[in-house]
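Peer 1: Please arrange chains Y, B, W and G on chain P, whose structure you already have, making use of the hints.
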Amino acid sequence: MTDFPNFQWAQVGYALLTLFIVINYGMVMTAVVRKIGARVGGRYGIPVWQNYVDLLKNIALRSKISHGVMYYLGPVFRLTGGVGLLMFVPTIYGSEWHQNFSYAGDLILALYFVFFGTLGMALGAGESGHPHSAIGVSRGLAQVTMAELPLALGVYALSLQYGTLDITKIVAAQQGSIFNWTLFTNPIATVAAMIAFVGTMMRSPFDVAMAPQEIPIGPPTEYHSSYLALMQTNRALFPVAKVVIYMNLFFGGATSWAEFAIKVFCLYMVSVVIGVVHPRFRVEQSIRFFLKWGLPIGVLAILVV
Amino acid sequence: MNLVQISLATGFLLILLGLYGALTNRDILRMIVSFTIADTGVNVVLVAVGYLPGREAPILDTIPVAEAASRITDPVPQALVLTAIVIGLGVTALMLAYAYRLFRARGSLDISEFTELKW
Amino acid sequence: MNFTTRKAIPLVLLLLLGSVFYALFAGYTPDETLNRSASYYASQTVQDTGAQNVVTAIIVTYRGLDTLGEVTVLFLTAAIVGLVLAHSKAPKGRSGSGFLPSGELLTTGTRMLVPVILLFGAYVFLNGHLTPGGGFQGGAIVASAMLLMLLSDSAERFSHRLISRIESSAGLTYVILGLLGMLFAGGFLDNRILPLGSFGSILSAGAIPLIYALIGLKVGAEFSSILTSLEATEDSQ
Amino acid sequence: MVSPLLILVAGLGAAFLLGLLRDTSERVAFYVTVAALGFMSFVALSWTVSLALGQVQPVDIYTADARPPFAINLRMGLPEATLASVVALIGLLSAVFMRRDLMRLGRQSMAVLLVLIMALSGLIMTRDLFNLFVFIELIVIASAGLVLLSQDTRALGAGFKYLIVSQVISILLLIGVIFTYHANGSLNIDDIAATPMGFTGASLAMFLVLIALVLELKPFPANGWALDIYESAHPGFSALFSAASGTATLFAVLKLFEASGPDWAPLATGIGLVTFVGANVLALAQDHGRRLLGYSSVGQIGLVLMVVGYGADWGVGLYYVAGGLLISHAIAKAGLFWLSGMVKARQLTDWAALRQNPVLVVAFATFIAMLSGLPPFPAFYAKWTLVHAMAEYADYPLMAIFLIAALIEAAVLFRWFGMAIKREATLPLAYNLSHETVVLIAMTAGWVLSFVWGPLSGFDNLVTVVPFLFALLFLPLDILPARIKNVIAIAGLVVWYVTSTGGLDPLRMIFLTIMVLGGALLLLASFHAKGRRMGFYTPAMLMFAGMALLVTSTTSFQFFAAWEFLTVGSYFLILRGANSEPHALSYITFSLGGAFALLAGFAIAAEGHYTFYLEDLSEVAPELAPYVFVLLAAGFLTKTATMGLHIWLPGAHAEAETDVSPMVSGILLKAGLFGLFVLVMEMGRQELYGVDLTVVLVWLGAISAFIGAVLAAFQEDAKRLLAYSSISQMGYALFGLALMNHLGWLLAMMFAINHFVYKSMLFLAVGGVKERTHTKLMYKMGGLITLMPYSFVSVLVGIIAMSGVPPLSGFGGRWIFYNAIMTTDLRLPMILIFMAGPVGFLYLFRLIHTIFLGQPKDELRKVKEAPFWILLPQMIFVAFLIAFAALPGMILQRVDGYIGTLFGDRPLVWTGRIIDSQYGTWNPVAIWGVIIAVFVTVLLLLVWMNHNAQRVKQFNIVFSAERPFKPQTTHFAWNFFAPYRKAMGFLEMPVSTSFWTGVSNALHGTAEFARKFYTGNGQTYAVQLLLFVIAVYLISMGASS
Amino acid sequence: MTLLTFMAALLAVASLGAAVIALVTRSTVVAVLSAGLVSLFASVMFLLLAAPDVAMTEAAIGSGLTTFLFFFVLGRIRREGTK
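Residue numbers (the working numbering), protein chains in the order written: chain P, 4 to 308; chain Y, 36 to 154; chain B, -13 to 223; chain W, 364 to 1404; chain G, 747 to 829.
Chain P extracted, bound-state conformation (with noise of 0.2 Å):
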């Protein structure tokens, strides 16, 4: 078993349990990030365990369509998508069973797996024939390419700053002191990253492809049922392993699970807090955002690396 170093039986356990606790987190997370919107908003909000809730019913439902193979496949694609991410990304450092699978690629690997759910996922949704899925998808799709840009450059800036593209060493090299972080060492090439990671976290001002509360469109309003249940546990997960890999390149990563908990949250809560303030963009608004702001600071940072 050359192709998996150093492969034991326990690492499945160990990225199962991973999966796990992140899912779980995630869930819980969103909704407490859902609650304290409400209580911002002066409205009660919604208990934390609602997310299992809407799971379990899900999973219960008994209607069950499919529209065709890929319809049926898509929800496995953006499940498949969201776990690949989590265990090709190390979650905590230091520890050796946390790494995952991650030997498996570097940075690379992570940055381009991001795309095979959205892909499943668009695929799936497409199958159902619903005009207005599509219309979600080619938002979406438009969107988040040119978020990804100032992501791309920040990461670039960052992969010269250290010479590598293995996600283990950057982590390696910020540990010590809080300013190894690359937020202090590199912070343009921080904000440019966190730019694209404000947009592509479906919240407002970026949400216009999913825009449940106007247009009962985009992807989620075809499924139903187990698959949905298998999105959901997707954007319990999804956003969680994504927010790992900016905590990893840019916040100096987490050495334990406490640690990861605060630092995803707080990631997490960036995102949040913006959308709470900010109206909604169209999406072409959103491209020139893009390429106004976020363009330009990842060339700066490519550029005094």
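By construction, these hints were calculated from the structure, which means they are not laboratory data.
Note that beta-carbon positions come from the ideal geometry of N, C-alpha and C, so glycine has one too.
Be careful, since some hints might not be right.
[Stated by the list, open to error] Far from chain Y, by Cβ distances over 10 Å, these chain B residues were calculated: (1) 60; (2) 97; (3) 101; (4) 106; (5) 116; (6) 146; (7) 162; (8) 165; (9) 180; (10) 196.
[Claimed, not checked] To be clear about the criterion: a stretch of chain G counts as covered by chain Y if any three or more of its residues have a C-beta under 8 Å from a C-beta of chain Y, and this derived list gives those stretches: (11) 752 to 762; (12) 774 to 786; (13) 795 to 804; (14) 809 to 816.
Peer 2: Just chains Y, B, W and G, lined up with the frame of chain P:
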């Protein structure tokens, strides 16, 4: 001005006059007439170039063969002119025949009317 | 182009061309002595060809190929003039030159003159190697006989067919004579296939008189053919 | 040996003999004519053969037993014999061609024809100046006579204009002759060379003689009369007028320029060049077939005149080059004029009638290729030699003008060819067996000529190159059913691959594999075609032949010849598409333009050596090297369709046939990439004005990658989308290559392989869809996933691979890319590449979504899966992609090692199947393992939960209340990324399209304006003639003082 | 100035004058006749230039035959043009 110069000048002037007529006259027949004048001019030039002042025609009936080289004028241009005259006539005849056919085709002898082929 | 520029542009051009000619004119000085070609002819013609008239010798032998081309030009012209006019028959009715009245006098005069003219033409081309004149001049004279007949609207015109026969046979014989020169003498159109004879007599200069006679016939026939074609075409077919 | 004089004698004798025949015996007269012409041809040919074989020595024929200059002499050497043969044969064939009209006009016309041929032969052989004049007058008069053969009444006017002009010319000539005689004391041409000019006016006399003869060549712009003749005369005569008269007169001019010495050579060069350029530019505006041929004749003769002047000191080489051009021109132009006799109507588009007879189309193509200097025809060698000579003397502006004019000429000719292939004729073909025979003899002569010319070139004989012959083999085989031909084609490719892999380095090996074996694979799809599929296999095999030869070439000549082969082959292939005419034209124009840039580059690099090894590119003199680099790069970038030079690509690739698109996209583009590889491998970094050219390439690559992707995202046409995507992908490859480091090159290699696989696959899949739906517009498709599942799978795999999403092989490319850019200092162009990545994802998604997902259209509810043979290669590609993604090492490791030897480094460490770089890791098997494990687990989970899911149909809610005026605009697939367009639409601005359209319009406008110069008035033509003479006089006076 | 030169000058003036008349006259007939006259003067000039052969030819062909050719064609054209 000696004989040769006068002849040469006449020849050249005839050529220029002929060409001027050929290039400015719209009547096809008058163009052809002008060309014959120019042809005549060419012939005069040719003969004049071959002339050696004071010498005689290259016919050895009265000139002894031994003295021929010092007494006759250059025969070559004369031979050429003979040919040129005949060729000139041939071309003139041909142009006249064409002129007639063109006239038959269009009822006109104006060169500027035969411009349906262009560009 | 308006009237003035239509004439002014050629004028300017020809003035420029005139300057070219002037350069030639100004740079020209007549030779003092014969150049090498001419002096060769002056000294060698008699020995080579036996002709008195150097110009004739040059035309018929040294530059025989030119002359062959020259009669071919006339042959071509005759053929083409025939072609050009073949398809545009003149309207029925009066033929003739159209501006000379063809009266009794002219007709009679023509009948009397034609044989004389023909004889004179033959004289000119047969003596071409001795005196000025030759096939072309003689041919032109022969053609003038034809001209007279055309002018007089004489009924007994030469048949076009006969003219064409004479023309072709003369041409063919000319070419064959040239070939004979290649076979039996020094080269194409060499006149020495026949003996050079005694210098200055009519039967001298080898094949020159023969060739010049052929040329005369041919040129005469060709001129006649052209004249006939141009004059009227009813009988050209 | 019989005396060459017999050529003249036979012509004249027969002409006179005709007069003795009876008027009614036209038939006999015709046989006499043909017999005489046959005899003349025989004599000339026997001299040609004997002289060429060295059995006889060149002879001087003296007349009247006197030595020149005292009597006229003729000469029979190899050039004279060859050209006399050409003239006599064309005369013979034209006589056969004009049989009916000759018989109609009678024996006189035949005599005129005989005299014309005789005079032309005389013009070629004579060494006497005045004799030259006599022959010219004979030619003029005979031509004026033969013009009458035409039924077109306008010919009369044309003939008269010709006579007017000839009068002026003969006046100038006679004056010149007599003053030359006065100066030299001789009329012999050889004496002009021997005797120094005696007096000041002599040079002026020489000028008059030369300019008069040059005027007979119809130099631009003093040539309006000639064009009128070409347009209105009988095509049989036009063939003579262009081919035979042009050839003979040009040789006469050559004789005189040789005699007059090198001082006069620039005169010929200048007039020739002006003529070549002017005629070709003006030809752009022509839509009348014969007049176009006239312009082309003028241009070609101008070209030879230029060679005559330029190559004045080449010795035998001049005869080789000028002769090749001249004879090619004679054969091709005669053939084309004869063909025009079979086309009834006169517009260029009416040549479409030729399609009724495929053999004639082949002949047409042959003639066009001969004229445009494509291999293996002699003009190709001539062009090569000429440009190399220009480079040797560092006459770069001349070279540029020449090449641009040659390009315009090719554009004119191929525009016409395209019309003939794609338009509809208004009148059917005027078929006539003897006419066809004549044309086919000309075509055969063209090929024989190439066969003879090849070995003389000192290079390979291109006619006998095996792959090329293999391509030609399909011409006779075209009567077989397509499937049988396909088997032969595949077998041929495979055999060639197997036999030619020895001794190639891994890099070339991979390119050869893609090009030849890949080609064989793609040909599997061609089994789908039914019937005979005439005209597919020859061009296809020609293209593959070019590519096979390209990879194995070692000299610049081989490389360039191969390049032209593949260009021409692919042009014909592209032209086969339904609406591809304009696109094929822009393809061939750009490609030939690129090819000419290559030619110029090689020529400059060779510095006078006509054989130049590619590996010597590394030793080009440093002051030249950057320019060589720029030129070669421009040539290759045209082929890879880098932004700015790309406008030919989308149309060409999109409009091509289903199985052709993958060939021209997946395979053909790699030829450009291969060239770039060779270029940067041999030449390395070059600096021009302090700019590192590889950096420029990096930028170009990045811009192409980005803009190509953006444009692809905005396409409505699926194949166009893929075409723009190719531009983008090639941009990546170029980018990698230009990084000039190990990983960059590996990246380029990776892209070469990947792009071949997935672009072929996608084009096949989309093509298969198009076969069924009969549209390429994506908004007209939709919901085809259930109907065409296999096509869907291949598109799915294709887009995953292409967008670089793990685990498929595209990711490998991206991984290498990141590692490559880590080691370079170039950061700004990276940004564009970063932007290109996600945009690429956009267009790919659009492709799959709008075709296969969403709701099926009513009219497409019953379409079937794509044909088996189109699917088969796709499935093979899918398998390959998966295998390559999991085990990239099986190919890449060798290439990596090879590149390592070039750079002397080893940035990648291959441990088993794991690839480590200095910066990161790529463990393809692990990636696969994890993803499959997770995917299967989740899927099983879903199946467990959802095993009883119920299949429901979609419901149609596309239109709400009313049907809009343009229904497709309301479809989601229309303007799919509308917001994106709002934000990024400025990138769509057709800058380069506008630029090239502007260039083209400017040229056409110039042509349209300038041709008004030819007013049609004979007098004006004469004035122009004089104007020309005076202008040349003043210019040469100015130049010599 | 010798007699020869004087005659030549006279001929030159005469032939040039005839040529000018040929160009400026309105009548084609006069033009043709003048052109013939030019030829005739030229042929005399050839005699002065010691070229009797040429003189004969020019007189017979240049001024004689050519003129008649013109008149023939002119005649035909007149006849047909007036109908």
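Peer 1: The structure should be examined with respect to each hint, and the outcome stated for every one.
Peer 2: Status of the hints after comparison with the structure:
no., hint, in the structure
1, 60, "violated, 5 Å"
2, 97, "holds, 27 Å"
3, 101, "holds, 25 Å"
4, 106, "holds, 19 Å"
5, 116, "violated, 7 Å"
6, 146, "holds, 15 Å"
7, 162, "holds, 22 Å"
8, 165, "holds, 21 Å"
9, 180, "holds, 20 Å"
10, 196, "holds, 19 Å"
11, 752 to 762, "holds (count 6)"
12, 774 to 786, "holds (count 6)"
13, 795 to 804, "holds (count 8)"
14, 809 to 816, "holds (count 4)"
The structure is inconsistent with the numbered hints 1, 5, although it conforms to all the rest.
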